[in-house]
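Novice: Chain by chain, the residues run as shown.
There are 2 protein chains.
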Amino acid sequence: MDFGINNFFDKKHKDLKIGHFQDLEHIDGLSISTVSCGLYDKKRDDLVLFYFRDGAKYASVYTQSKILSENIKWNKRIKEKKVFGLLVNTRNANALTGHDGYNSLKKISLNLSKLLSEKQITDEDNPLKIKPGNILFACTGTIGEKFPESKIISNLKYLIERIKYTQNKLIWIKAALGIMTTDTKPKLSMFECKIGGTEVKIYGIAKGSGMVYPNMATTLGFIFTDANISSSILRQILRKNIKSTFNAITCDGDTSTNDMVSIFTTSKASNKEIKSINDPKLKKFINGVEEVMLNLAKRVVSDGEGATKFVSVKCNNSKSEEEAKKVCFSIANSPLVKTAVFAEDPNWGRIAMAVGKSGVRFNIEKLKIFIGKFIIFNKGKIDKSYNEVDVREYMKNENIEITVDLSTGSKEFTAYTMDLSKKYIEINSDYRS
Amino acid sequence: MDFGINNFFDKKHKDLKIGHFQDLEHIDGLSISTVSCGLYDKKRDDLVLFYFRDGAKYASVYTQSKILSENIKWNKRIKEKKVFGLLVNTRNANALTGHDGYNSLKKISLNLSKLLSEKQITDEDNPLKIKPGNILFACTGTIGEKFPESKIISNLKYLIERIKYTQNKLIWIKAALGIMTTDTKPKLSMFECKIGGTEVKIYGIAKGSGMVYPNMATTLGFIFTDANISSSILRQILRKNIKSTFNAITCDGDTSTNDMVSIFTTSKASNKEIKSINDPKLKKFINGVEEVMLNLAKRVVSDGEGATKFVSVKCNNSKSEEEAKKVCFSIANSPLVKTAVFAEDPNWGRIAMAVGKSGVRFNIEKLKIFIGKFIIFNKGKIDKSYNEVDVREYMKNENIEITVDLSTGSKEFTAYTMDLSKKYIEINSDYRS
Numbered sequence: 001m002d003f004g005i006n007n008f009f010d011k012k013h014k015d016l017k018i019g020h021f022q023d024l025e026h027i028d029g030l031s032i033s034t035v036s037c038g039l040y041d042k043k044r045d046d047l048v049l050f051y052f053r054d055g056a057k058y059a060s061v062y063t064q065s066k067i068l069s070e071n072i073k074w075n076k077r078i079k080e081k082k083v084f085g086l087l088v089n090t091r092n093a094n095a096l097t098g099h100d101g102y103n104s105l106k107k108i109s110l111n112l113s114k115l116l117s118e119k120q121i122t123d124e125d126n127p128l129k130i131k132p133g134n135i136l137f138a139c140t141g142t143i144g145e146k147f148p149e150s151k152i153i154s155n156l157k158y159l160i161e162r163i164k165y166t167q168n169k170l171i172w173i174k175a176a177l178g179i180m181t182t183d184t185k186p187k188l189s190m191f192e193c194k195i196g197g198t199e200v201k202i203y204g205i206a207k208g209s210g211m212v213y214p215n216m217a218t219t220l221g222f223i224f225t226d227a228n229i230s231s232s233i234l235r236q237i238l239r240k241n242i243k244s245t246f247n248a249i250t251c252d253g254d255t256s257t258n259d260m261v262s263i264f265t266t267s268k269a270s271n272k273e274i275k276s277i278n279d280p281k282l283k284k285f286i287n288g289v290e291e292v293m294l295n296l297a298k299r300v301v302s303d304g305e306g307a308t309k310f311v312s313v314k315c316n317n318s319k320s321e322e323e324a325k326k327v328c329f330s331i332a333n334s335p336l337v338k339t340a341v342f343a344e345d346p347n348w349g350r351i352a353m354a355v356g357k358s359g360v361r362f363n364i365e366k367l368k369i370f371i372g373k374f375i376i377f378n379k380g381k382i383d384k385s386y387n388e389v390d391v392r393e394y395m396k397n398e399n400i401e402i403t404v405d406l407s408t409g410s411k412e413f414t415a416y417t418m419d420l421s422k423k424y425i426e427i428n429s430d431y432r433s
Numbered sequence: 001m002d003f004g005i006n007n008f009f010d011k012k013h014k015d016l017k018i019g020h021f022q023d024l025e026h027i028d029g030l031s032i033s034t035v036s037c038g039l040y041d042k043k044r045d046d047l048v049l050f051y052f053r054d055g056a057k058y059a060s061v062y063t064q065s066k067i068l069s070e071n072i073k074w075n076k077r078i079k080e081k082k083v084f085g086l087l088v089n090t091r092n093a094n095a096l097t098g099h100d101g102y103n104s105l106k107k108i109s110l111n112l113s114k115l116l117s118e119k120q121i122t123d124e125d126n127p128l129k130i131k132p133g134n135i136l137f138a139c140t141g142t143i144g145e146k147f148p149e150s151k152i153i154s155n156l157k158y159l160i161e162r163i164k165y166t167q168n169k170l171i172w173i174k175a176a177l178g179i180m181t182t183d184t185k186p187k188l189s190m191f192e193c194k195i196g197g198t199e200v201k202i203y204g205i206a207k208g209s210g211m212v213y214p215n216m217a218t219t220l221g222f223i224f225t226d227a228n229i230s231s232s233i234l235r236q237i238l239r240k241n242i243k244s245t246f247n248a249i250t251c252d253g254d255t256s257t258n259d260m261v262s263i264f265t266t267s268k269a270s271n272k273e274i275k276s277i278n279d280p281k282l283k284k285f286i287n288g289v290e291e292v293m294l295n296l297a298k299r300v301v302s303d304g305e306g307a308t309k310f311v312s313v314k315c316n317n318s319k320s321e322e323e324a325k326k327v328c329f330s331i332a333n334s335p336l337v338k339t340a341v342f343a344e345d346p347n348w349g350r351i352a353m354a355v356g357k358s359g360v361r362f363n364i365e366k367l368k369i370f371i372g373k374f375i376i377f378n379k380g381k382i383d384k385s386y387n388e389v390d391v392r393e394y395m396k397n398e399n400i401e402i403t404v405d406l407s408t409g410s411k412e413f414t415a416y417t418m419d420l421s422k423k424y425i426e427i428n429s430d431y432r433s
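Heads up: the protein sequence lines correspond to chains V and P, in order.
In terms of our numbering, the first sequence has 71 at position 71, counting the first letter as 1, and numbering is strictly consecutive.
In terms of our numbering, the second sequence has 178 at position 178, counting the first letter as 1, and numbering is strictly consecutive.
Among the clues, some could well be false.
[Said to hold, decoys possible] Derived PhoX-like pairs: lysine-lysine, alpha-carbon spacing no greater than 20 Å straight-line:
| no. | chain 1 | residue 1 | chain 2 | residue 2 |
| --- | --- | --- | --- | --- |
| 1 | V | Lys66 | P | Lys314 |
| 2 | V | Lys423 | P | Lys423 |
| 3 | V | Lys106 | P | Lys381 |
| 4 | V | Lys319 | P | Lys66 |
| 5 | V | Lys106 | V | Lys82 |
| 6 | V | Lys326 | P | Lys326 |
| 7 | V | Lys381 | P | Lys73 |
| 8 | P | Lys66 | V | Lys326 |
[Unchecked claim] Here chain P is said to cover these stretches of chain V; the calculated rule only asks that three of the stretch's residues, wherever they fall, bring their Cβ under 8 Å from a Cβ of chain P:
| no. | stretch |
| --- | --- |
| 9 | 161-174 |
| 10 | 342-350 |
| 11 | 386-396 |
| 12 | 420-428 |
Source of the hints: derived by calculation from the structure; they are not laboratory data.
Just so it is clear, the structure is predicted and the values come from calculations on it, not from any experiment.
Ideal placement from N, C-alpha and C gives every residue a C-beta, glycine not left out.
All chains, please: the whole structure from these sequences, using the hints.
Specialist: Printed below as a string of structure tokens:
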């Protein structure tokens, strides 16, 4: 399995502590600041501002739930092409809060844009006027509770005060920590490459870790770059990569009202602007964005609520990618498969059950089921080579691979999930208290 | 909520012990015997025979999984109109066991039909010849393990020896215990009514309690009657009732390869044979079958793996029953909703999340969400009357009702499920050990 980026994720999965992340550094044109508004009982940062002093081009994908949080509604209505601020709060999702929740965002954006415009006058030679419509919001936390408008507004001035123009690894970690809810680890990833001889940066942070299931951009993921490319190309790259990354993960089969993955560019790199996504000079950059997104998506799963194992579920030789995806998610969302993985039990019958309930057609005589490299089911029955002792040993690994070969075509899909442990129940029974 | 049959289920839910079941008695023409073949490590009955000495008309619905267990394949191929034996084993599902598994059933049916034919010669004035094709099989347990053919065959003679022609409540409880896997309680239900002046009986037993999700007959459910009606009417009654009973429950969203619900009649009651399902004389009988099936289905859920609460999820005023069902199951299968119920936390935001991810269209300004009788979400926001303290108190009940009013039409559906507790993880991590 390739975890990309020097495989550090794979190597260091066991002790994926703060210090083991790559060091994200400065991206010209981007400032980050964090603050605690007291949204949680315990003291922790809960409000994070990403400030683009010359504005940023961006592209976003949002949840496909029929219920949208108020901030997703806000973001979808934005007409301005450039964003100057992305404000992220945790603890409160601002979902099903009705007009009150939306009005809170109006007020916050008014305040924040005013403060940022004042900062422009102080700091910049050619100060820009920043409007409420230049602010994007990401909210995550409990649904249906009154949005803590005044706590946020009264802390905006501290956020502004803390803006520094040079970023270092610590502020990136603070940002990644500040957007967390039930996550136990911050999620950061980076990639650097060249576009036509010019070095560009691709930095990303994300959060999980409940209500994680595709159908769109899952959870919150923010990618930042300085590459000089158009919004249209950004949008195409995001859509191209979302399918195999954030939309390929599931923790619990639940879909949030707040999901959002965005990519921003300050365009500060001196590469000549690229006009087409097919320009060969863009190839490494596109791969780089995919690596960062996949790495973040995998981090979300591996830190899924209560996770003790990271599971890759591959379905290959299917008639269509759609069918392969159905099979993958039928397995990856099955509580019986996930509890078996937690128990380190090679109960492959549950995998077969999940293949059967997916509704996808296949010939059982040609179906193959693998756990790791071990072929288990083959030609309509347990393979002769199958030795439960070996597979039971394999199940002790932290990274488990399940592969289903349908033998109905040549397409494939890979989904990522984690096991289902008692800890999941604990976390979700305690979340609000 | 109406639990039917004198509401005894509702009243005695707390201590639903063996003694609290109604007493199922004798049905003319049906004999039951049970035995332990040693399929489990601990001593318990694991093989149950239902023997119809003059044959029985029957109707069955089976799993719609694309992977069928070998016994479901066997049953579907049966051409004989009358069944003489239904043999149920636990511990081994005989699924994905290939030709070997199927051949085991061939051998067992040969042996069993021979032994039953010999018994006919000993016991009956006009002995009947019983063929392998007169035997139905129900298997439940682990998928993919070698079917314990010889253990079963060597115990058939003991099953036959134990056949008694008069049944009592104890043998019914033994049968209900003998078909259990991870169930903690046997599941029995009964109803008696008249068809055109003649008393008839409707007795049923069922088992859960993992891999329970509709898409067909869920889990194992067997209904026995003595009513003199045709196979065709039996089939119509079964199909009519399955939708609102066994297909309305979910424990974990997983679908078994072995699901089977059957209804058998010995036709021993002296009512004049009914020719049409629309005959008014049949009305009470049809309702009776539905009551028994619904009661059993609810028992399966309330004993779902790790269940501490029984949850009814109703969606009303929907455009179609199909849409209401989608909303109900999106809620009933959501691990986040189910863990909130376990925590006795009125986290209605998770209910809203599940409504949103169902994909069904509605106007959020007209959506209503209730927990119990408490209206929570109304007119696009939290209802003014909402008081979390009251609803938190309500969540302490064992029976929780969730209602979603879509205001898009006049159809409805109710699904039944239970909460998701740590015990579920324990059971499913230990199942094979």
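Novice: Hint by hint, say whether it matches the structure.
Specialist: Each hint tested on the structure:
Between Lys66/V and Lys314/P, the direct Cα distance comes to roughly 19 Å. Compliance with the 20 Å bound is thereby established for this hinted pair. As the CA atoms of Lys423/V and Lys423/P are separated by approximately 11 Å, the hinted pair is consistent with the 20 Å bound. Between Lys106/V and Lys381/P the CA atoms are separated by roughly 18 Å; this keeps the pair inside 20 Å, and the hint holds. Restraint check for Lys319/V and Lys66/P: the C-alpha separation of about 16 Å stays at or below 20 Å, so the hint holds.
Only pairs whose Cα atoms come within 20 Å are accepted, and Lys106/V paired with Lys82/V is accepted, the gap being roughly 18 Å. Between Lys326/V and Lys326/P the CA atoms are separated by roughly 18 Å; this keeps the pair inside 20 Å, and the hint holds. Using a Cα cut-off of 20 Å, the hinted pair Lys381/V and Lys73/P holds, with the two alpha carbons roughly 15 Å apart. Distance hint between Lys66/P and Lys326/V is fulfilled; the C-alpha atoms sit about 13 Å from each other, no more than 20 Å.
Coverage of the stretch 161-174 of chain V by chain P is violated. Counting CB-CB distances below 8 Å, 0 residues qualify, and the rule asks for three or more. Using a Cβ-Cβ cut-off of 8 Å, 7 residues of the stretch 342-350 of chain V lie near chain P, which meets the minimum of three, so the contact claim holds. Judged by the Cβ-Cβ criterion of 8 Å, the stretch 386-396 of chain V is not covered by chain P as claimed, because only 0 of its residues qualify and three are needed. Evaluation of the coverage hint for the stretch 420-428 of chain V: fulfilled, as 7 residues show C-beta separations to chain P shorter than 8 Å, against a requirement of three.
The structure fails hints 9, 11 (numbered hints given earlier, in ascending order).
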